[in-house]
Amino acid sequence: MFRISALLWLGLAVFFAYADITVPVNPTPTYPGSWQASVPVQHWQQQQRKFYLDALLAPATTPLAEAQMLQQEDRGRYQAELWQIPLSSISHTKALLLTPKNQPIKAAVLLLHDHGAYFAIGKEKMIRPFVDSAVKTEAQHWVDKYYGGRFIGDDLAEQGYLVLAADTLGFGERGPVLYEQQQQLAANLLATGHSLSGLSAYEDMQLAQFLAQRPNVPKGKVAAIGFSMGAYRAWQVAALSEHIQAAAAICWFNTFEQLLQPGANLTKGQSSFYLLHPGLARQLDLVDQVSLMAPKALYLINGGQDPLMPVQGVVEGHSQLKKVWQAHQAEQALRTEIWTEARHEFNRKQQQQVWLWLEHWQKQH
Numbered sequence: 116m117f118r119i120s121a122l123l124w125l126g127l128a129v130f131f132a133y134a135d136i137t138v139p140v141n142p143t144p145t146y147p148g149s150w151q152a153s154v155p156v157q158h159w160q161q162q163q164r165k166f167y168l169d170a171l172l173a174p175a176t177t178p179l180a181e182a183q184m185l186q187q188e189d190r191g192r193y194q195a196e197l198w199q200i201p202l203s204s205i206s207h208t209k210a211l212l213l214t215p216k217n218q219p220i221k222a223a224v225l226l227l228h229d230h231g232a233y234f235a236i237g238k239e240k241m242i243r244p245f246v247d248s249a250v251k252t253e254a255q256h257w258v259d260k261y262y263g264g265r266f267i268g269d270d271l272a273e274q275g276y277l278v279l280a281a282d283t284l285g286f287g288e289r290g291p292v293l294y295e296q297q298q299q300l301a302a303n304l305l306a307t308g309h310s311l312s313g314l315s316a317y318e319d320m321q322l323a324q325f326l327a328q329r330p331n332v333p334k335g336k337v338a339a340i341g342f343s344m345g346a347y348r349a350w351q352v353a354a355l356s357e358h359i360q361a362a363a364a365i366c367w368f369n370t371f372e373q374l375l376q377p378g379a380n381l382t383k384g385q386s387s388f389y390l391l392h393p394g395l396a397r398q399l400d401l402v403d404q405v406s407l408m409a410p411k412a413l414y415l416i417n418g419g420q421d422p423l424m425p426v427q428g429v430v431e432g433h434s435q436l437k438k439v440w441q442a443h444q445a446e447q448a449l450r451t452e453i454w455t456e457a458r459h460e461f462n463r464k465q466q467q468q469v470w471l472w473l474e475h476w477q478k479q480h
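Residue numbers (my numbering): 116 to 480.
Be careful, since some hints might not be right.
Said to hold, decoys possible - Here are the simulated SDA-like pairs of lysine to any residue, each with C-alpha atoms no more than 25 Å apart in a straight line:
| no. | residue 1 | residue 2 |
| --- | --- | --- |
| 1 | 464 | 209 |
| 2 | 464 | 444 |
| 3 | 209 | 165 |
| 4 | 383 | 458 |
| 5 | 260 | 190 |
| 6 | 165 | 398 |
| 7 | 260 | 462 |
| 8 | 336 | 181 |
| 9 | 260 | 295 |
No wet-lab data here; the hints were simulated from the structure.
Using the sequences and the hints, build the whole thing.
Here is the structure:
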């Protein structure tokens, strides 16, 4: 009898280890919090933004210590600095700040790094590490793989932008976690009344405020730019923070209907805990969440060959976004593109277009 029971349990264990998990509910075709043309769009945004902010489960607001500059490096036309920045009562981060020299600052850019299931670096995925850094090789390999070989933060600083990039919890000097530790991290935060996605979003808002308050940053000229998970974070911080006036998001935009299909990446746990806010999807689709940043300037780029972002969801989402920007009479502030041959990447041609968009935006504001 014991042997039969043991074999039965072993069989069940193997079955559950390899079987696809069937979700008991499907994504709703409509969301009660979606904007309706009969409702004033500003009123809708005010109401739903509060709902979004509540879903962050953010730490209680408390006085924080002053940020401290830890290290400097001269890079010719700009200076690199390493900062320690308190973000909340339970968290702080290391950040790289690039400041142009001997030229007026055009605008400030908050760079939000990707996920990529690679945790050894965070901010260094976008800004070149210091000369004495132990992660120079890892950083170069990463930008070669996803960014056309360029550290985009340094590229922007050369052009006259003040640039900031920080480590998200679990990455770089705030980790690195192992891939299978992400759910443990998320579970511990939930067990203490917080969430991994919400804390990350709140911290991005704090970074936006820090950047907007830097000396010589032109008032009302702070943009967020990100690739992959960083793209999600870019439009999110633009939707939630008054300190961000524009966002460029590369390779993270879709609808829940498409991203929650069986076997889709967002259904697998682990990395998804950086992207899913408890209870938010009861009311708002992803497109609704993005729409909360209207009428700010938004540039969305998706790849037609991106296996993580189904094109159907991108096309449907673009159509819904246009209605909201039109309601604000700000159609010109929304730019959406699908690069037919592109995969999950932020390549040099895309960068060139984003820099042109950024230049045009900062001149108009």
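Task: 25 Å limit on alpha-carbon distance, applied to hinted pair residue 209 and residue 165 - done: violated, 29 Å
Task: Distance restraint between residue 383 and residue 458, which requires alpha-carbon spacing of 25 Å or less - done: holds, 21 Å
- [ ] Starting from residue 464, check that the Cα of residue 209 is at most 25 Å away, please.
- [x] With a Cα-Cα distance of about 30 Å, the restraint between residue 464 and residue 209 is violated, given a limit of 25 Å.
TODO: Quickly compare the C-alpha distance for residue 336 and residue 181 to 25 Å and report which way the hint goes.
DONE: With Cα atoms ~23 Å apart, residue 336 and residue 181 stay inside 25 Å; holds.
Open item on the list: Just to be careful, I want the Cα atoms of residue 165 and residue 398 compared with a cutoff of 25 Å; is the pair within it?
Closed with: Given pair residue 165, residue 398 holds - Cα atoms ~12 Å apart, limit 25 Å.
Open item on the list: Need the status of pair residue 464, residue 444: alpha-carbon distance at most 25 Å?
Closed with: Not OK: residue 464 and residue 444 at ~30 Å, beyond 25 Å, violated.
Open item on the list: Run the distance test for residue 260 versus residue 295: straight-line Cα separation, threshold 25 Å.
Closed with: holds, 23 Å
- [ ] For the pair supplied as a hint, residue 260 and residue 190, confirm whether the alpha-carbon distance does not exceed 25 Å.
- [x] holds, 24 Å
Open item on the list: Can you confirm whether the C-alpha distance between residue 260 and residue 462 stays at or below 25 Å?
Closed with: holds, 9 Å
When each numbered hint is compared with the structure, violations occur for hints 1, 2, 3.
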